[in-house]
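Use these hints to put chain B onto chain A, whose structure you have.
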Amino acid sequence: MALVEIRDVHKSFTRDTQTVDVYTGLTVDFDEGSFTALMGPSGSGKSTLLNLVAGLDKPTSGEVKVAGAMVSSMNASQLAGWRARHVGFVFQSYNLLPVLTAQQNVELPLLLTSLSKKERAERVAIALGVVGLEDRVDHYPRQLSGGQEQRVSIARAIVADPTLILLDEPTGQLDAKSSEEVLVLLQRLNDEFKKTIIVVTHDARAAERAKSVLHLDKGVLVEAVAR
Amino acid sequence: MKFLPLVLANLARHKLRTVLTIASVALALFLFASLRTVVTTLNSGAEVSSASRMISQNATAFVIPLPMSYATRLAAVPHVTAVTWANWFGGKYGDGKKFFGQFAIDPESYLRMYPELALPEDQKQAFLRERTAAVIGEGLVRAFGWKIGDNITLQGTIFPGDWTFTIRGIYHPTQKAYGDDSFMFHYEYLYERDPERVSPGWFIMAIDDPNAAPQVQKTIDDMFRNSTAPTKTGTEKAFAAGFAGMWGNVKLLMSTIGMAVVFAILLVTGNAMMMNQRERIGEVAVMKTVGFSDRRIFILVIVEAAVIALTGAVLGLGAAILLPIVAGFGEGGFLPGFHVTPGTMAVGAGVALLLTFASGIAPALSAARLPVVQALRRVE
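From first to last, the protein sequence lines stand for chains A and B.
Each residue of the first sequence is one higher than the one before, counting from 1 in my numbering.
Each residue of the second sequence is one higher than the one before, counting from 1 in my numbering.
Nothing false has been slipped in among the hints.
Dumping the calculated SDA-like pairs for lysine to any residue here, alpha-carbon to alpha-carbon at most 20 Å: (1) B:K2 <-> A:Q104; (2) B:K2 <-> A:S116; (3) A:K194 <-> A:G68; (4) A:K117 <-> B:V7.
The set of hints was computed from the structure by calculation and includes no laboratory data.
Only chain A is shown next, with the shape it has when bound in the complex (with noise of 0.2 Å):
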């Protein structure tokens, strides 16, 4: 069952004079439950599709719909609200903020819930230690490694338990170690919890981890593997 409907998207951008189309006429679905790798060279149109999925962007035309909310003709405001509640975001430069601590970094998505303090404190609990950091609560970023670092980020991404798990390059300034712990987090957060994720990257590593690898091209869906 799709979790993730995209339908006729048209995406294009305006540089000075110059109209860039993106998509024109893209249409892919994404499973509940599944595990998604998104690659393609630079410049096709890997991360506009994720910045859709997020609603953090809107398409020129067509529909973005993610559990049966369309999210292509939400406004601002209830976009705010609902990545709050369906969306995990992970970035490729970790995006931590640097005045806070581990601990208080994983629970920003939560003081936008209802939660106690005490409820929030258990999350966050459980956040960092699915992402093997419980001893690190009140480190700050710099205090940590890169892989540290992401992994931070991965716990604010799930710490509110969102429909979806979206990564940016989430691998691209990691080490091979770091790397591996961070992809073998990624399946297990699909396997054991079974969180749809949906990844961007050019690591062909992480895109071994993916149940299914779409390429992309010139904002055209190329090729799609299933494993």
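For chain B alone, coordinates are given in the frame of chain A:
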């Protein structure tokens, strides 16, 4: 409240910058409140002065005395119910660094004329009985540690020589604007030592109807118009207002400086807030990705500005309140009753709120309107 740690963490990001910004706001509000207090203190004398007391002084110059013989003629003017007089002594105590006003007064009539100077009855009687006795305000007790029974020697400047007085009473002004730092003694004591030169500096008359003041004024000034010492008469309120009016340009200057300082600090604070915001474009984008709405981002930035402005306001206004207490500024005698009024506090709080919004609105709008995808592209 759950967002407070986030606000405080952001403020602690550049501790020195935050501290300096708060210090700037504190200094601005300290100056604003202090300068405004000078203005309100100058005005307060006129506000509390009685409209049923009139003052006659020499029309030629304030410093030229009037003949004592005027007292009986003034008492005979219709509507005048009592007359007293006083003289400026102008002495100094010790090294003279601490200034306070000294007045030779006719004790009985003067104290009856000014019920605002509250004096215990036994002290009053002791003062009236003794020719070299003096009555002082509570401010002089605080300034010099004087107490009842102390012998105090002043060096005369207008009336040369050492003048020794015994303190017999300590008054408490029932209205702050009357000041608590005056030194009053018997006119007779002054007169006996220098009868050739001593004469009343001004007369004070009580009238039975404030509405009759213009008529009383005209009668008195007409009576002495062709004498060697013509008078200038007015109500005490008009006299005080005229005194305050002499400071007119100073008041305007102080108000202008106060507003200029606030405006300058507004620019400093606004710039600091904008710098903070520019450095956090990526973080704001991340927060929006996590689910923070534009409205919530806007509020968080405004709250940051509010914490800076209100902390600065508390420190600045607090310092302004403490200034006259700690420095003894109000005991100098020039501005009796110098204290930060509730009105000034309210205006100061208003200025702090204005600073909050004026300095926070641009960065808050900028953060709230930040397009997430473009911002992420810059940091990714």
